[in-house]
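In order, the protein sequences belong to chains A and B.
Sequential numbering of the first sequence, starting at 1, is according to our numbering.
Sequential numbering of the second sequence, starting at 1, is according to our numbering.
If you are wondering where the hints come from, they were derived from the structure by calculation, not from laboratory data.
Be aware that one or more of the hints could be misleading.
Which copy is meant is left open, because identical chains are indistinguishable; a pair holds if it fits in one copy or across any two.
[Stated by the list, open to error] Listed below are the simulated DSBU-like cross-link pairs for lysine-lysine, each with C-alpha atoms no more than 30 Å apart in a straight line:
id: 1; residue 1: K355; residue 2: K374
id: 2; residue 1: K283; residue 2: K112
id: 3; residue 1: K328; residue 2: K374
id: 4; residue 1: K186; residue 2: K321
id: 5; residue 1: K94; residue 2: K112
id: 6; residue 1: K282; residue 2: K226
id: 7; residue 1: K328; residue 2: K112
id: 8; residue 1: K183; residue 2: K321
id: 9; residue 1: K186; residue 2: K146
id: 10; residue 1: K332; residue 2: K283
id: 11; residue 1: K321; residue 2: K226
id: 12; residue 1: K282; residue 2: K112
id: 13; residue 1: K355; residue 2: K112
id: 14; residue 1: K355; residue 2: K226
2 protein chains.
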Amino acid sequence: MIKFLSLIVVAVFSLSLPAAEPRGTGDMGIIIERANGSVLIIETTHNSQLYRVEGLGDLSHASAVFSRDERHAYVFGRDGGLSKIDLLSGTLLKRVMQAGNSIGGAISQDGKIIAVSNYEPGGVKLFDSTSLELLSDIPAHYAESKQSKTVGLVDAPNQHFVFSLFEGNQIWLLDAHNPKQPKIQKFADIGLQPYDALISSNGRFYIAGLFGEEGLALLDLWQLDKGVQRILPHYGKDDPKKPVYKMPHLEGWALTDDYALFPAVGRNDVLVADRRTWQLVKKIPVYGQPVFVMSRPDGRQVWVNFAMPNNDTVQIIDTLKLAVMTTKKIGKGVLHMEFTPRGEAVWLSVRDEDKVQIYGTEDGQLRGELPAHKPSGIFFAARAHQSGL
Amino acid sequence: MIKFLSLIVVAVFSLSLPAAEPRGTGDMGIIIERANGSVLIIETTHNSQLYRVEGLGDLSHASAVFSRDERHAYVFGRDGGLSKIDLLSGTLLKRVMQAGNSIGGAISQDGKIIAVSNYEPGGVKLFDSTSLELLSDIPAHYAESKQSKTVGLVDAPNQHFVFSLFEGNQIWLLDAHNPKQPKIQKFADIGLQPYDALISSNGRFYIAGLFGEEGLALLDLWQLDKGVQRILPHYGKDDPKKPVYKMPHLEGWALTDDYALFPAVGRNDVLVADRRTWQLVKKIPVYGQPVFVMSRPDGRQVWVNFAMPNNDTVQIIDTLKLAVMTTKKIGKGVLHMEFTPRGEAVWLSVRDEDKVQIYGTEDGQLRGELPAHKPSGIFFAARAHQSGL
Numbered sequence: 001m002i003k004f005l006s007l008i009v010v011a012v013f014s015l016s017l018p019a020a021e022p023r024g025t026g027d028m029g030i031i032i033e034r035a036n037g038s039v040l041i042i043e044t045t046h047n048s049q050l051y052r053v054e055g056l057g058d059l060s061h062a063s064a065v066f067s068r069d070e071r072h073a074y075v076f077g078r079d080g081g082l083s084k085i086d087l088l089s090g091t092l093l094k095r096v097m098q099a100g101n102s103i104g105g106a107i108s109q110d111g112k113i114i115a116v117s118n119y120e121p122g123g124v125k126l127f128d129s130t131s132l133e134l135l136s137d138i139p140a141h142y143a144e145s146k147q148s149k150t151v152g153l154v155d156a157p158n159q160h161f162v163f164s165l166f167e168g169n170q171i172w173l174l175d176a177h178n179p180k181q182p183k184i185q186k187f188a189d190i191g192l193q194p195y196d197a198l199i200s201s202n203g204r205f206y207i208a209g210l211f212g213e214e215g216l217a218l219l220d221l222w223q224l225d226k227g228v229q230r231i232l233p234h235y236g237k238d239d240p241k242k243p244v245y246k247m248p249h250l251e252g253w254a255l256t257d258d259y260a261l262f263p264a265v266g267r268n269d270v271l272v273a274d275r276r277t278w279q280l281v282k283k284i285p286v287y288g289q290p291v292f293v294m295s296r297p298d299g300r301q302v303w304v305n306f307a308m309p310n311n312d313t314v315q316i317i318d319t320l321k322l323a324v325m326t327t328k329k330i331g332k333g334v335l336h337m338e339f340t341p342r343g344e345a346v347w348l349s350v351r352d353e354d355k356v357q358i359y360g361t362e363d364g365q366l367r368g369e370l371p372a373h374k375p376s377g378i379f380f381a382a383r384a385h386q387s388g389l
Numbered sequence: 001m002i003k004f005l006s007l008i009v010v011a012v013f014s015l016s017l018p019a020a021e022p023r024g025t026g027d028m029g030i031i032i033e034r035a036n037g038s039v040l041i042i043e044t045t046h047n048s049q050l051y052r053v054e055g056l057g058d059l060s061h062a063s064a065v066f067s068r069d070e071r072h073a074y075v076f077g078r079d080g081g082l083s084k085i086d087l088l089s090g091t092l093l094k095r096v097m098q099a100g101n102s103i104g105g106a107i108s109q110d111g112k113i114i115a116v117s118n119y120e121p122g123g124v125k126l127f128d129s130t131s132l133e134l135l136s137d138i139p140a141h142y143a144e145s146k147q148s149k150t151v152g153l154v155d156a157p158n159q160h161f162v163f164s165l166f167e168g169n170q171i172w173l174l175d176a177h178n179p180k181q182p183k184i185q186k187f188a189d190i191g192l193q194p195y196d197a198l199i200s201s202n203g204r205f206y207i208a209g210l211f212g213e214e215g216l217a218l219l220d221l222w223q224l225d226k227g228v229q230r231i232l233p234h235y236g237k238d239d240p241k242k243p244v245y246k247m248p249h250l251e252g253w254a255l256t257d258d259y260a261l262f263p264a265v266g267r268n269d270v271l272v273a274d275r276r277t278w279q280l281v282k283k284i285p286v287y288g289q290p291v292f293v294m295s296r297p298d299g300r301q302v303w304v305n306f307a308m309p310n311n312d313t314v315q316i317i318d319t320l321k322l323a324v325m326t327t328k329k330i331g332k333g334v335l336h337m338e339f340t341p342r343g344e345a346v347w348l349s350v351r352d353e354d355k356v357q358i359y360g361t362e363d364g365q366l367r368g369e370l371p372a373h374k375p376s377g378i379f380f381a382a383r384a385h386q387s388g389l
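Kindly produce the complete structure, drawing on both the sequences and the hints.
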């Protein structure tokens with residue numbers, strides 16, 4: 001009888017502790033702990049940590065995308081690892097080493113394909129988002145036996161991906177309707193050494209930054225016959241004697257209704273261009289060399305963080321006045337910022353102080369703080385619903 | 001022993017069938033069954049129905065918003081009922097009769113407050129989104145002992161709501177930081193009989209349509225000191241002899257990067273205005289009197305449905321050419337359209353044929369169909385992350 005009962009108890013116990021807790025996933029997100037190879041799973045309604053997931057390898061330059069149901073996160077590690085995490089159970093479901101060195105990824109419009117961009121050996125790979133099975137391997141050959149690093153990989157509407165070839169000086173538009181045999185349209189001679197790129201939130205304008213020369217390359221996906229145009233011809237590092245402490249990310253551009261605000265390379269300025277003409281409208285002097293220039297979802301504020309030695313501070317730009325309205329000392333090593341989907345709060349990684357801070361964006365007040373081990377990227381599940389992130 | 005065992009079995013059974021199934025909620029949504037007082041809970045990854053929830057009263061003009069975690073839907077019924085549904089368990093958690101006749105609602109930026117707009121007795125009420133407890137009742141008095149119907153209620157950034165007074169000819173901006181004692185800023189003499197309104201997706205421009213005269217009233221929430229401006233002064237019913245089969249909804253305006261596309265009242269045209277100057281740019285002739293003019297999330301296509309007797313057809317406008325590209329016969333009674341968040345598909349209610357159809361937006365092909373009893377509004381949970389819906 002005792003033995004019988006204990007069997008029953010075990011059964012009840014395992015049934016009453018389901019691996020995954022039912023809850024809405026729209027307010028969830030992850031925080032990369034770069035030094036540990038781990039991520040925290042958090043939620044933004046009560047600002048709490050739910051789980052820590054370990055064993056993700058080298059996350060020193062990691063990013064993430066989310067499944068269309070906002071249940072799973074896909075984490076792209078620097079070491080070429082692609083990891084799939086279940087947000088509801090806080091478990092690492094699968095991890096594949098897909099390359100020697102990777103630089104980021106994207107998820108297709110329909111949520112079925114994960115694309116990963118690789119430095120080593122170069123090229124892009126497509127994976128099934130359910131199984132992480134390899135669907136195709138697209139080497140980035142730009143000349144006989146020359147393969148390029150790929151950068152600036154983003155998803156675009158109509159089941160496309162777009163990326164750039166660093167050594168190849170090209171932009172490739174990948175049609176993934178048949179992910180085992182993708183079609184590629186190539187745009188050559190777009191400028192020297194594209195090093196990163198962004199796509200506008202409507203998925204129309206793909207803009208690649210150039211390392212080898214000044215200016216940027218713009219591809220209008222609605223009008224491919226126009227080819228790649230050059231914009232902001234004087235954008236880049238204009239003083240060779242001045243050091244660049246950190247090359248700014250292009251995904252850290254803020255595109256508002258009227259303006260693009262973006263970091264000047266190696267200078268203490270945020271640049272403002274008119275989004276219709278791409279003419280420079282203004283330079284806004286800021287506290288340091290800007291890294292991320294991020295728009296609050298409504299576009300009313302733009303938050304800026306900085307390269308060393310100014311990475312303890314953020315500034316907030318008023319986009320109507322196009323001027324800095326607030327300077328905030330946060331703490332050492334502010335690496336990344338992520339707004340809640342409707343913009344009432346922003347989460348900041350403060351790497352050197354091993355914490356994440358949460359500020360209200362209207363009053364600028366600290367709302368909460370979570371301990372985190374050397375936090376870097378913060379990614380909320382709401383990204384699942386947006387193109388190009 | 002038998003009795004003891006059966007008790008254990010019951011306990012196991014109830015534990016092994018949790019009320020709510022764990023799953024991601026980002027791909028979920030609801031469909032209003034207007035004649036039955038019921039809603040279907042669906043998901044857009046496999047295009048399936050998960051539950052039917054009954055007992056929601058008169059849903060003949062119903063709308064819905066979602067909690068910030070995308071777990072709960074709040075349904076606003078025509079009869080003044082406010083219903084809270086759990087998407088994960090498919091159950092009606094709570095229902096309050098909050099007025100005699102209501103016209104829609106909104107959820108605050110932080111997700112904590114539900115606002116409902118009422119015809120009878122008029123005014124707006126605020127509720128706690130967890131408990132549905134009444135927080136405050138704001139009668140819309142515009143003159144001594146005169147109370148107005150309220151229309152065009154939307155949420156706005158910084159914990160605000162905006163709505164219009166139909167008889168009062170006013171726009172009210174409600175600050176809900178303290179929802180038990182909200183502050184109200186009133187804009188008077190905005191034009192005769194505002195009948196509906198919209199807010200731009202960034203939460204900046206509130207535009208009210210006028211029933212009593214031509215033109216629209218625009219309030220720039222970033223520049224309140226400018227007051228209410230009049231735009232598109234000739235917009236309205238311009239031929240008094242021509243019948244208007246259905247007054248178009250203002251939330252059925254499509255705002256792309258460059259243009260606003262919106263239904264002409266009582267005419268077979270979609271109008272196009274420049275979003276910076278609000279000057280009319282073009283009239284696009286269409287198949288019938290347009291009702292909803294809805295932009296695909298990327299703005300590349302705009303889908304239009306029509307009033308009787310043309311409500312069996314939709315047309316798709318190419319927003320680069322500003323011309324109709326496709327005319328599709330769907331079936332009798334196309335009442336509403338909802339795009340998946342990243343725009344790869346659109347769901348259409350076909351009321352008179354008791355079904356919902358799902359089309360791919362790139363190829364225009366039918367991807368699926370679900371039976372539904374007199375379906376009207378379709379609302380996807382991704383709305384949780386957007387302002388003003």
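Status of each hint after checking the structure:
Taking the shortest Cα distances, K355 and K374 sit within 30 Å of each other inside one copy (7 Å), while across copies they are farther apart (52 Å). For the homomeric pair K283 and K112, neither the shortest alpha-carbon distance inside one copy (42 Å) nor that between copies (39 Å) is at most 30 Å. In this assembly of identical chains, K328 and K374 lie within 30 Å of each other by CA distance solely inside one copy; the values are 21 Å within and 55 Å between copies. With identical chains, the CA atoms of K186 and K321 are at most 30 Å apart between copies only, with a shortest distance of 25 Å across copies and 40 Å within one.
When the C-alpha separation of K94 and K112 is checked against a cutoff of 30 Å, the pair qualifies only within one copy, where the shortest distance is 16 Å, while the shortest distance between copies is 36 Å. Taking the shortest alpha-carbon separations for K282 and K226, both the intra-copy value of 28 Å and the inter-copy value of 24 Å come in at or below 30 Å. In this assembly of identical chains, K328 and K112 lie within 30 Å of each other by CA distance solely across copies; the values are 28 Å between and 41 Å within a copy. Proximity of K183 to K321 under the C-alpha cut-off of 30 Å is restricted to the inter-copy arrangement: shortest distance 26 Å between copies versus 45 Å within a copy.
In the homo-oligomer, the alpha carbons of K186 and K146 lie at most 30 Å apart inside one protomer (16 Å), although the nearest pairing across protomers, at 67 Å, exceeds that limit. Proximity of K332 to K283 under the C-alpha cut-off of 30 Å is restricted to the intra-copy arrangement: shortest distance 26 Å within a copy versus 56 Å between copies. In this assembly of identical chains, K321 and K226 lie within 30 Å of each other by CA distance solely across copies; the values are 15 Å between and 34 Å within a copy. For the identical chains of this complex, K282 and K112 are neighbours neither inside a copy (42 Å) nor across copies (39 Å), given an alpha-carbon limit of 30 Å.
Proximity of K355 to K112 under the C-alpha cut-off of 30 Å is restricted to the inter-copy arrangement: shortest distance 27 Å between copies versus 34 Å within a copy. Taking the shortest alpha-carbon separations for K355 and K226, neither the intra-copy value of 47 Å nor the inter-copy value of 42 Å comes in at or below 30 Å.
Violated hints, in rising order: 2, 12 and 14; the structure is consistent with all others.
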